[in-house]
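Full structure from sequences and hints, please.
Residue numbers for the sequence shown follow this note's numbering, beginning at -9 and rising by one.
The set of hints was computed from the structure by calculation and includes no laboratory data.
From the three backbone atoms N, C-alpha and C, an ideal C-beta is built for every residue, glycine too.
Incorrect hints may have been included.
[To be verified] Derived Cβ-Cβ restraints for the label pairs, each shown as a range:
(1) Asp60 / Thr130: 19 to 27 angstroms
(2) Asn127 / Ser34: 22 to 30 angstroms
(3) Ser49 / Ser124: 28 to 36 angstroms
(4) Ser118 / Ser30: 29 to 37 angstroms
(5) Leu26 / Ser118: 21 to 29 angstroms
(6) Ser34 / Gln116: 21 to 29 angstroms
(7) Ser124 / Leu26: 22 to 30 angstroms
(8) Thr104 / Ser38: 24 to 32 angstroms
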Amino acid sequence: NNHANAISAGMAATDETADTIGGGNSQASGSVQDSLLTTSSLVSALASTNVIVTTTNASGTGIGNITVVDAITWSSGNTLTLTAANNIYLNAAITTGTASSKLILNASGSVTQTAAIGGSGGVTQQGSGTTTLSQANTYT
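Okay, here's the thing in structure tokens:
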């Protein structure tokens, strides 16, 4: 698994430093409020491995939200896990890969959406927060 702090590609996360996803785990560090993980970096990583995007950073000054601001689509069987210390906002479409792929939404706050989730993979809710999926989702 690759760990990346901040979200992506169209995602913005509060509470960590921007790290690129490469051959190993990326860890957030430093006293920063916002991070950005580009969609191209995220999708590239998902082509070959599971990816965990998290707002965990003991030195961070943000509130721990993840906001998806650009569409994310991958075609592999890998899993994207979004782990937020606070809320997850799905403001752009997410399209999972093959039937074995997964989108895992893990928030201690709420998960809300203004854009659909689609694709052949599944969606799993984790964490103590409330997940409200209010769009015309087409995932399997």
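For each hint, the structure was consulted:
1. Asp60 / Thr130: 19 to 27 angstroms: At roughly 23 angstroms between Cβ atoms, Thr130 and Asp60 fall inside 19 to 27 angstroms, so the hint holds.
2. Asn127 / Ser34: 22 to 30 angstroms: holds (25 angstroms)
3. Ser49 / Ser124: 28 to 36 angstroms: holds (35 angstroms)
4. Ser118 / Ser30: 29 to 37 angstroms: With a Cβ separation near 32 angstroms, Ser118 and Ser30 satisfy 29 to 37 angstroms, so the hint holds.
5. Leu26 / Ser118: 21 to 29 angstroms: Check passed, 27 angstroms falls within 21 to 29 angstroms.
6. Ser34 / Gln116: 21 to 29 angstroms: Holds, since Ser34 and Gln116 (Cβ atoms, about 25 angstroms apart) stay within the stated range.
7. Ser124 / Leu26: 22 to 30 angstroms: Since Ser124 and Leu26 have Cβ atoms about 26 angstroms apart, the given range 22 to 30 angstroms holds.
8. Thr104 / Ser38: 24 to 32 angstroms: Since Thr104 and Ser38 have Cβ atoms about 30 angstroms apart, the given range 24 to 32 angstroms holds.
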